[in-house]
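Undergrad: Chains A and B are the protein sequences, given in the same order. The working numbering applies: residue -14 is where the first sequence begins, and numbers increase by one. The working numbering applies: residue 32 is where the second sequence begins, and numbers increase by one.
No lab work stands behind these hints, which were simulated from the structure alone. For each residue, glycine too, the CB sits at the ideal point set by N, CA and C. Take these hints with a grain of salt, some might be off.
Said to hold, decoys possible - Coverage of chain A stretches by chain B, computed from C-beta distances (three or more under 8 Å per stretch; other residues unrestricted):
1) -3 to 5
2) 10 to 16
3) 99 to 112
4) 116 to 128
Claimed, not checked - Within a straight-line C-alpha distance of at most 27 Å, the following computed BS3-like cross-link-like pairs (lysine-lysine) qualify:
5) B:34 / B:259
6) A:114 / B:340
7) A:41 / B:293
Below are the chains, spelled out letter by letter.
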Amino acid sequence: MNSTKFEKIKRPQKIALPFMLDFYPLQDEKNTRISQFFKNLKEGRLTTTKCKKCGKLLWPPRIICSECLSEDLEWTDLGVEGELYAFTEVKLGAPLGFAEDAPFCIGLVKTGGLLISARIDNAKYEDLKIGDKVKLKIVELEDERVFYRFFKDKEK
Amino acid sequence: MRKVAIVAGGEAKAGKRAASWRDLVQEAGKAMFEDADNMSPKDVDSIFVGAAQPERFAFLSYVAALVAEHIGVIPRKVLARTELACVSGQAAVRYAWNCVATGMSDIAVAIGVEKMYPPDMAEAQTSMACVLDREWDGINAFSAPPFFAVTAQRHMYEFGTTEEQMALVSVKNHHYSSMNPIAHLRKEVTVEAVLRSPVVAPPLNLFDCCPMTDGSAGVILVPAEDAKKYTDTPMYPIGSGQCAIGNVINNLASLTEWVPLKLAAKEAWRTAKITEDDVEIAEVHDCFTISEIMEYEGLGFCETGKGGKFIEDGEPYIGGKVAVNPSGGIMGCGHPLGATSIYHTIEILKQFRGDVDDGRYVKDANIGIQHSLSGAANQHSIIVYSREPR
Chain A
-14 MNSTKFEKIK
-4 RPQKIALPFM
6 LDFYPLQDEK
16 NTRISQFFKN
26 LKEGRLTTTK
36 CKKCGKLLWP
46 PRIICSECLS
56 EDLEWTDLGV
66 EGELYAFTEV
76 KLGAPLGFAE
86 DAPFCIGLVK
96 TGGLLISARI
106 DNAKYEDLKI
116 GDKVKLKIVE
126 LEDERVFYRF
136 FKDKEK
Chain B
32 MRKVAIVAGG
42 EAKAGKRAAS
52 WRDLVQEAGK
62 AMFEDADNMS
72 PKDVDSIFVG
82 AAQPERFAFL
92 SYVAALVAEH
102 IGVIPRKVLA
112 RTELACVSGQ
122 AAVRYAWNCV
132 ATGMSDIAVA
142 IGVEKMYPPD
152 MAEAQTSMAC
162 VLDREWDGIN
172 AFSAPPFFAV
182 TAQRHMYEFG
192 TTEEQMALVS
202 VKNHHYSSMN
212 PIAHLRKEVT
222 VEAVLRSPVV
232 APPLNLFDCC
242 PMTDGSAGVI
252 LVPAEDAKKY
262 TDTPMYPIGS
272 GQCAIGNVIN
282 NLASLTEWVP
292 LKLAAKEAWR
302 TAKITEDDVE
312 IAEVHDCFTI
322 SEIMEYEGLG
332 FCETGKGGKF
342 IEDGEPYIGG
352 KVAVNPSGGI
362 MGCGHPLGAT
372 SIYHTIEILK
382 QFRGDVDDGR
392 YVKDANIGIQ
402 HSLSGAANQH
412 SIIVYSREPR
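All chains, full assembly: derive it from the sequences and hints.
TA: The structure is reproduced here in structure tokens:
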């Protein structure tokens, strides 16, 4: 052993989920100009923006119409039900923050003239088929942020 | 505009490598320069670095100068990193080609690199899940496997494509990669093995998916009139097409018909003055088995919805209608995002030179194409190459 000095240094063993690895965006008006989308979700309404000038239904919600560049947009309801267009089940390869939930179903839902992706709760892959009716639900994070999902209503 | 030639290519062995991001690019750089006669790194005036996610996979940003430094290049004309997810490498080739064609550069390098095996695979999957729109699709866990799973489900639903037909793509590509020394996966698989492999996202199983791979590959481009100074066997980019429609899933043209691919192909054939019937080698983006089936259709090798039958009939094998992925494809060779498309470029160069194993050699081919897609298959890029100047 030569005379070189060795020293063990410490680093934190755990860190909180960093913002830049969080799939959920910041939702309040200080961080986004579409905070109304999330306020509407908190009221149980899934909405998006529609251009009042050219009529284009825009997804995701915008602040400027990508068709005619108008800033005159309005919030429109997409409804609380949808039809399953396609689906799968995440079994392997879920990212951080979702891996603990696996396996879980996700799919593409036709609702309000759009085809949007979503978690499909309350069902296993085998329970689902293309064309199934699914219902809107809102999930609330521990810090009051919200997001939409759909679920299969097994009562019917 | 000047005609352009690719005069050299070099690659790192693809795979789960005991090597860092910058180790990989040094290996490819050395192999690339050693493939050219009368060429030293200092002769290069421009460099384009294909890298999809160095910020995430290697915690490095601003990588163009870092790569130039490590392979001994002092760029004096044009220097840039190109990022286009899985097409980052082909974007580098396209820009290098354009710069040489316009006279902005006289010798340009396009080199791609990705290091995809961090210690924690969930973290790698997190990176992959921000390629699709993270706030509206990634947030719902739509990364590549689930997206291509729902694509496959709809293709099966609308056209009657089967899991067995998809498995045949995996069988073909692993067959060819078993003969490719740089490939990540070099074992043959059977239809039964594909169908019995672990389910990733139904209807896709593990062997329907390309692997996560470390790799790097680079090519050198010069004016066509100078090509023979550097090699006896250059190849020539003669046409290209690229198209993107939408990004978030709602705004795709269609889930089961890749409209941007059809438009990119039409433009590629028009600019190269060929038709799809002239294509002898097609190195295409088989990130999942369903992708290659839909590429047979989108490239016009068969009708929309008939891709499953096309592989069933053996048409994409060497000796069939067109040799698709004689390298073994991404499925067999691996998919180091920023480098992937440049492995494609080099495969066509090797095929034209006859520098491949007999079992996967497309003899006397004159026209080859490379195709890559990215994201939710909303963007497709094609380059057409000729063995002879045109």
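Undergrad: None of the hints should be skipped; say for each whether it holds.
TA: Structure-based check of each hint:
1. -3 to 5: With 0 residues closer than 8 Å to chain B, the segment -3 to 5 of chain A misses the three-residue bar; violated.
2. 10 to 16: This one is violated; 1 residues, fewer than the three required, reach chain B with a Cβ under 8 Å.
3. 99 to 112: Answer holds; 7 residues pass the 8 Å Cβ test.
4. 116 to 128: violated (count 0)
5. B:34 / B:259: Holds, because 13 Å separates the two Cα atoms, which is no more than 27 Å.
6. A:114 / B:340: The hint holds at about 25 Å.
7. A:41 / B:293: At roughly 26 Å apart (the allowed maximum being 27 Å), residue 293 (chain B) and residue 41 (chain A) satisfy the hint.
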